[in-house]
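Protein chains in written order, with this note's numbering: chain A, 63 to 186; chain B, 63 to 186; chain C, 63 to 186; chain D, 63 to 186.
Possibly wrong hints are sitting among the right ones.
[Unchecked claim] Pulled a few chain A residues facing chain D out of the computed Cβ check, cut under 8 Å:
{"#": "1", "residue": "GLU144"}
{"#": "2", "residue": "THR148"}
{"#": "3", "residue": "VAL157"}
These are calculated hints, taken from the structure and not from any lab test.
Even for Gly, the Cβ is constructed at its ideal location relative to N, Cα and C.
One-letter residues, chain by chain:
Protein chains: 4
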Amino acid sequence: MKSFGKFLQSGDWKGEKHVPVIHAPEKVESGEAFELRITVGDAIGHPNTLEHHIKWFKVFFHGEGDKFPVELTNFTFDAHGELDTTTDYVGATQVKLPKTGTLYAMSYCNIHGVWENTMDITVE
Amino acid sequence: MKSFGKFLQSGDWKGEKHVPVIHAPEKVESGEAFELRITVGDAIGHPNTLEHHIKWFKVFFHGEGDKFPVELTNFTFDAHGELDTTTDYVGATQVKLPKTGTLYAMSYCNIHGVWENTMDITVE
Amino acid sequence: MKSFGKFLQSGDWKGEKHVPVIHAPEKVESGEAFELRITVGDAIGHPNTLEHHIKWFKVFFHGEGDKFPVELTNFTFDAHGELDTTTDYVGATQVKLPKTGTLYAMSYCNIHGVWENTMDITVE
Amino acid sequence: MKSFGKFLQSGDWKGEKHVPVIHAPEKVESGEAFELRITVGDAIGHPNTLEHHIKWFKVFFHGEGDKFPVELTNFTFDAHGELDTTTDYVGATQVKLPKTGTLYAMSYCNIHGVWENTMDITVE
Ligand SMILES: [Fe+3]
Ligand SMILES: [Fe+3]
Ligand SMILES: [Fe+3]
Ligand SMILES: [Fe+3]
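Only chain A is shown next, with the shape it has when bound in the complex (with noise of 0.2 Å):
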């Protein structure tokens, strides 16, 4: 059967501006507050136009040996120049997590559609 799994491009963010980055602590405490921030273009700028944007970035956790993964948030950019005002492609947030587990971030290009990063994290 056919599966969106396979749009889900990935890549080197140094070099593949829409890899979503996702910048966490390596290791935090169990049901400890963090900030979990994502961005796309530390490294090489997205245009932010009416043509051309990300439009939104979403993130889940996966717990270890857990079944299915938990959504945790969604960040819209929503200013792509209407009025002179653009919204940038950064979103953060605070979660607590309750084990160790992987972060999925996925982040979609009006054009060049879907993109996902992931990163692994220590709940002690």
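Go by the hints and put chains B, C and D with the ligands onto chain A.
Then chains B, C and D with the ligands, alone, in the frame of chain A:
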């Protein structure tokens, strides 16, 4: 590298209550508006409570031979019993497609993760 | 104090193309599922281009005598011509309401701001 | 005519736990990227459970003398205890503004409705 694609679960919606069902014509004309309707629960109902519910559907289109998919729509189900109000698992909109391709629908259950389904559509 | 409420524009949808139209039964039974359909453009079409488009509808229900409204649903229109694909301004779902009250629908145009409409619904 | 504006509640965030707090510089340069951070709970924490939680923040900018506001961003808080995971009420992004105006932030609690706050920002 790890990919979120492995969490995209599928199955026969007649036996698996999380799988979104795509209702659309099998054949449309290029640029002709048609109704696109996504549902969960056509055969087996899914709970709709604060503890356990479907949160959203997300839909993409991939045109034959295209490199990237295009996002069409998001539906969110926001009432899960608050003040005895519920939003049920139906999301419909209208779209225009330029060519033959495939519709991809995803649904997310807060307990059972992400599910997907696809439908080929002929555009003449 | 300033309130965002002053930006919620309205008018007669027959003459003002941004106003969302609410399609629902005037009377339903308590807890009975019914189709709730929101549209823009029933009388006058609104552009759907990268430069100028409706981005979303947002819908709330306020029950008679209740202190707070409950959010029902969000519809996003995400294709505005990318690869000649468009999502048109129709959003439909199903809801169950506990009592008589009022539906509030909002729509957002990236150029012309936020518009609203309401519809009273009798629940028996 | 009825307007949803009457449901936009406000108050002093030091005493009312639902009111979003806007953290941004008081003065920025035109077109300069700055961090925009919205929080709930700086003074008094709000519950984060499946039964009672904040679901989203929504942010607009209205430039002095402009006719319409421009949407900047949406943050959704999606984990409310599923598998002991929570997303806390912090949402941050980066924006560029063309001129002096006002930021409008809204937050939605599934039990207590919609709350708003505003902040004037000088753009030189
Ligand atoms: Fe791109
Ligand atoms: Fe489920
Ligand atoms: Fe418009
Ligand atoms: Fe509350």
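Results of checking the hints against the structure:
1. Interface restraint check for GLU144(A): the shortest CB-CB distance to chain D comes to about 5 Å, inside 8 Å, so the restraint holds.
2. The beta carbon of THR148(A) comes within 5 Å of a beta carbon in chain D, closer than 8 Å, and the hint placing it at the interface holds.
3. Using the Cβ-Cβ criterion of 8 Å, the hint placing VAL157(A) at the interface with chain D is satisfied: the shortest such distance is roughly 5 Å.
Violated hints: none; the structure is consistent with every hint.
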